[in-house]
Structure formats: C-alpha cells, structure tokens
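Engineer: Chain H: place on chain W using the hints.
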Amino acid sequence: MNTTQCLLLIVLIVMVGVTQAKPFIPSDDQLVLQYLPKQLFQSKNSAKIKLLRSQLKTNPKDWSSASQLALYYIKLSKTYADPRYMGYAQALLKTWWQSPKPPLQALILRAIIRQNAHDFTGAIKDLDQILSVQSGHIQANLIKATIATVQGDYQVAIQHCQKLMRRSSITLALACQSTPASLSGHSETSYQLLHQILSIAKLMPEKEKVWAWTSLAEIAWRLGNYDAADQHFKTAIKTDASDNYLLRIYADFLLQQQRPLEVIELIDTKTKIDSLLLRLALAEKMTHSEQLANHIVYLNERFKVNRRRGSSLHKGDEARFMLHLLNKPHTALQLAKQNWQLQRESADTYILLQAAIMAHDIGTVKKTEHWLAKKGTEDVLIKQILATQESSGNEI
Amino acid sequence: MKSKIILIFLMLISSTAWSHKSSDSFINLTVTNENIVGRWDIALRDLEYALALDTNNDGAITWFELRTQQKDIEDYVFTSLYIDNGSTECVRKLGQLQVDHHSDGNYVVLNFNLDCFAPVSEIGIKYQLLFDLDPTHRGLVEIIKGESSEFVVFSPDNQYKVIDFSKLNHWKTFYQFIVEGVWHILIGYDHILFLFCLLLPSVVRKTSTGWQTSDHFTTTLWQVGKIVTAFTLAHSITLVLAVLQIVSLPIRLIESAIALSVMLVAVNNLYPFFNKQAWLVAFSFGLIHGFGFASVLTDLSLSTGKLGVSLLGFNLGVEIGQLTIVSVFLPVAFLFRHYWFYQRIVLFAGSQASILLSLIWFLQRAFNININIISS
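From first to last, the protein sequence lines stand for chains W and H.
Here the first sequence stands for residues 1 to 396, numbered as in this note's numbering.
Here the second sequence stands for residues 1 to 376, numbered as in this note's numbering.
These are calculated hints, taken from the structure and not from any lab test.
Glycine is no exception: its CB is placed at the ideal position from the N, C-alpha and C atoms.
Just so you know, nobody snuck in bad clues.
Stretch-level coverage of chain H by chain W, calculated; a stretch enters the list once three of its residues show a Cβ under 8 Å from a Cβ in chain W:
1) 44 to 58
2) 63 to 75
3) 96 to 105
4) 127 to 141
Excised from the complex, chain W in its bound form (with noise of 0.2 Å):
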C-alpha cells in the first residue's frame, strides 16, 4: 500500500468511527434482523433444547440434562466459531465445578472450555486431576496432546499420544502424533505413515478424516511438497468443506502460494467469521481489490473491540492485521510476542519472525530461530522468512 492510500484509509477509519452510531427504527414488520444457527431452530434440535432447558428450570442439579446441553452448545461453539456459546455451557456446568469432587465428564468439559478460551494452564489443570485417576483417559490424553502441540512441547505430546494406542485405535494415536512428531525433526517419516494409514483406513470417520488429512496436508506443507499439500488440502474439503480450521489453514498455504484468487473462492461467503476475513483481506491487497478498504475498516473495529473487552484470543491473527494491512510493526511485534507467550503452531511462528524482522528486533529472530533449532522443526517456509527479509512478498 502507498503512503496516498495509506492516508486515504485512516481518514476511512477515522470517519467510520465518528459516523458508525446511526441507528434506526424499521419500516418493515416482517425485515429480518437477525438469522440465528441452523442448528439451533431446526425442529429436531430446538425441541429437544427447549425440553433440556425446561428440565434444567425445574432442575436446576439435573447433571443429566446440564451435560447434554453444555456439549451441545460447545460443539455449536465450535461449529459457527462463536464464543458465546462456549460461555452457555460454561454458566450450565457452574453448580458441579463448584463442588469438590467434580464428575470426570464435568471436569472433561471445562478443559474444553479452558482450552478454547486459551486458559491453558487451567485446562492442565483438570486433565491431570482425570488422568491421576485414569491414566488412559482417551479424552483426556488427546486434549493434553492437542495443548501440548499448540505450546511447542512435543515430546509430551507425543506421550500423551501413545497412551492413546492402548485404549483406542491405532489410526487416532498415529494420527495424533503426527502433528508434534513431524515439528520435533522426523516430518519426512510422520508424513509417509500418515500417508500410508489413510490410504488403508478406508472406515475411518468423517471428522478423524479431516483432521488428519489437513495435519498431513501441513506436513507436506513445511517440507515444501507445495502439489501434495495442496492436494492433501482438496481431499480434506471435500470430505467436510465447513470445517473452520482447514479452511483457515488452507487459505494461509493460498496466501502463501500467491493464489489470492482461490482464497477469495474459498472464503466467498463465509465473511462473518473473523479469522477467515482477515485472510480474504488479504488475498484482496494481492488483487488490488476494491473491497480491501472496506474490510480492513471493519476488521480495525473487531479488533478494537476485543482490546477493550481485554480478550487474548485473537492475537495472532491481530498481529498479521497490524503487519500486512495497517504496516505497523511495532505493533504486530507486540502482538506476535504476546501470542507466541501462549501458542506456538507454524502460523504464530511465521507472523512473530514476520513482525520481528521488518521492527528491526534481530533479538527476537534469533531467539525464534534458536527455539525452532532446539525443538528440531523443519519448515521450508520459516527458511523463506528467515532467508528474504523482504519488506514485501511474503504475506501469510
């Protein structure tokens, strides 16, 4: 972006914030304000919420009924990428959290709950209060895996994994390996076996499907095998194109690969959902796009908001807004660091390295460098950081 349009879209900015209040009163009866969930109104599901809430009314200490809700809005939680839902399962588990001996299946939900509010150290906390009673607890392993990963502790991970290989299939242990082995310096063999068990497990699950595919899809991709990534990444969507992590990965390898207009395709209509409008954005600076300034208002005010409410959870992707679209960054650098304090996945790497080269802060990438080497990842795209240090060209 030149200085000229630079200016254009603070003044934008500005002018958005000083002309946003302007609200109304409808001429319409039947306009519709708000469309809610499909699943929530669908006659099969909103009768049976509507007789677990009832029940609940009734009952408040009905565990039955509180658990069945509470797993049914954190998996619409996860469905639609909306927290609040997240926060209904939270206030119905409240009464057994509160007592000393919770249920296992309780303390299992809210490290989900934990988990995705990045309260890690909390999650922690309750799975091992599971696993001390039952050290082969599927659930439980495979969400200390899954934290483990995310925070760069792949040798624990990959622990936890293995307790999976007794108590269920060997295709889910395997498939939950995969991910840390290949970031601690064995991508090329997790990649064949992975391969391998998808080409055999043909009764493998919908959901174990897509997780897997896109974890290999992601191997491929730091190993630099660009045409079966983005193969692996097309079997992955066809098998579930709703899934939000994959279509959020997929658009970053797009980026990545200079298909700006794939992303734009990909995204098309699912613009309500932050994360992925972050990524059409910025398909739409490559394209010189007309929507570009529109978009980068809208995503300052989302940003914005979250600041205030004091929310960490959109950090990362907050840090590529403030690098890529606003070019600030310092700002990106504070950010990616935060962030990377919390979560250290390929794409809060890339964006750290990203902000701390172009803040000038050579501390910072030699510090990140010494990690990855320490940890053993292999990443053909953390080298192309490492190696260009362009100011432009590399926008992922």
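Structural biologist: For chain H alone, kept in the frame of chain W given last:
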C-alpha cells in the same frame, strides 16, 4: 459409543479459530448537569438466548417480533443495570426502541434518560446483564462528561464501579505517554548514539593546533543547551507533522537516514567538515529523528484516540529521557576532558566505533542486509 465420543472430541479440541466476537453489550452515558442520556446496544442473539425472541421458531428475528416484545426486553435488561449519583438511584425514562448494525450482527438499541436530581459529580454503575447465562459476556460502558471520558469493562468479577468526575481527566493518558517517551529514548540506541556523538566534542575538540579543551563549565553548558534545544525543537516539529499525517515518509527511508545521521556526526568528530555551528547540525538531523519517534507514537496512540495529550506527553517523555542522559554525561565528560583517556579512547575510538555501528545499521535498514549485531 467410544468412537462416537472420540469423533466429537476431535472436533472440539482442534485449534481454535475464533471468529465471531464474544458477547458484548455497549452502553454510552453522556452526563449533562443533573441528567444522563443513555444508549444501550445489546446483540439480538444474546437476547434471543435469554428471552426467546424468535416466537414463531423460524430461525429469524423480525422487527415485528422485536417491537412486540419491547416491554419484556426492557423489563429484563433494566433489572441488571443500576445507576446512581453516588447516593440516590437515578430515575429512568425510556425512549424509542431502535436497531443498529454492528460488525457481528444487529443489535437492539435502548435509548433512555436518567434524572439524577442533583448535578452529577459522581456516578455509580452496577452491571449484571447475562452474567448468569454467559460468564464470558462483558458490558463495555463509556461515560462522557464534557471533555473527559471514562471507559469501564464490566465482568462477573467486576460488576460495580464508581466514577468520580472531579478526579477524571487526561492526566492518566498524559502520564502513560511520558513514560512511553522516556522508555523509547532509553531503548532507542540510535537516538542516544546520535546525541552522544554530538556531545562528545563539547568539552574537547580536535583542531589544527591540537586538542582544545573548554575552560568554563558554564560556557560548555550553554553550548550543550543550544545543541539539545535545537535537536528537541526539530524533532518536535517533525513528530507533530508526522503524527498529524501532514507529512508522511516511508519508515525504511527514515530509519536509514537516522543511521546515516549518526555516521555523519561521528565522522565530523574525527574530520570536522560541518562548518556551521553544532546546533544547526543538531537541528537539521533532529528533523529526521522526529519522524522516527512518530512511527512509534502512531503505533501506540491510535487505539486511545487522545492524540493531542499523547503527543505532548510522549514528547515531554523524550525530553526527560534526553536531559537525564545529558545530565549524567556532561559533568563526567567535563571532569575528564584533559585526560588522554577521554580524548583518545572516548572521543576518538568512540567516534570510530559509532561510525562502524551506524554503517551496519544503515546497511541493515536500507538494503535489508542481515548482519548479526546489536540492532535497535
């Protein structure tokens, strides 16, 4: 059964891509004398969960459904908002129900007027909306009185807040930015180095007849004062111009030029070629350094929106930092000006080292060459 549970969990634990905004409601309170004009925006999706607004169960909330339940909505939400003038609860008069579009969907807008009986110098707010249904919900309340404004976030752990307008002012922002300014000059190696290079010859300079030391501290102080004032004046000018977006230069150009300025001043210490007064040099290069400060300040301040206050505070902070450095450096330098150590090591070798360092900075910044050495 086991595999079914796992399926669900796979979906639940995959990395979070939060996307939607969390649940927030926004309250705007404008205080004028005895009255408060209020506006409360609440997401329709939140009210749906609490009140089931979608009466015909078709998955869409229409204006009809909303306006026919106005009374229920008002009764429900106003039981969880309490506002007083410090002692007596303000009396509420409800206005027109409206709708506004927010970035994450439509919100109902409740307009209200509060009569607080006496001039409002203090306001107490208790906020509890939705906390029982969704502990992640937050109430974002902005209170405006004249020139001052306060922003409060209500959560289940923070449900009550008293705002005393007599204490409310810009001092907090101002103070924060003074700290930022001091901090920035102290960690900005390039600015410090520039200042040092400029000041090194103030107590002793190399001339064609050898080393010439200054005799009186007051003369030196006067000279240094001129240099620092010129530098300050110059970078204040460009800082303001840049922050107000009147002049805007690419950051890479500025940072490279700053490195270059250090280099030139250091070279001048060894081979004097600036014929003009030192303060003039300080002034011209100060203009460039101002742009450097600005890039940091705009990064910091856009979120607070108090540009004037932050600008003043930041600049003052930079000066405080600068004066601290000078007041530590100058007496020491004056004391040791006759010594071989100061002349040869500090001034001569110091300038040489500065040239090398600034050259490295320049290469890094201008050509993106990565040289593994201290970087600012």
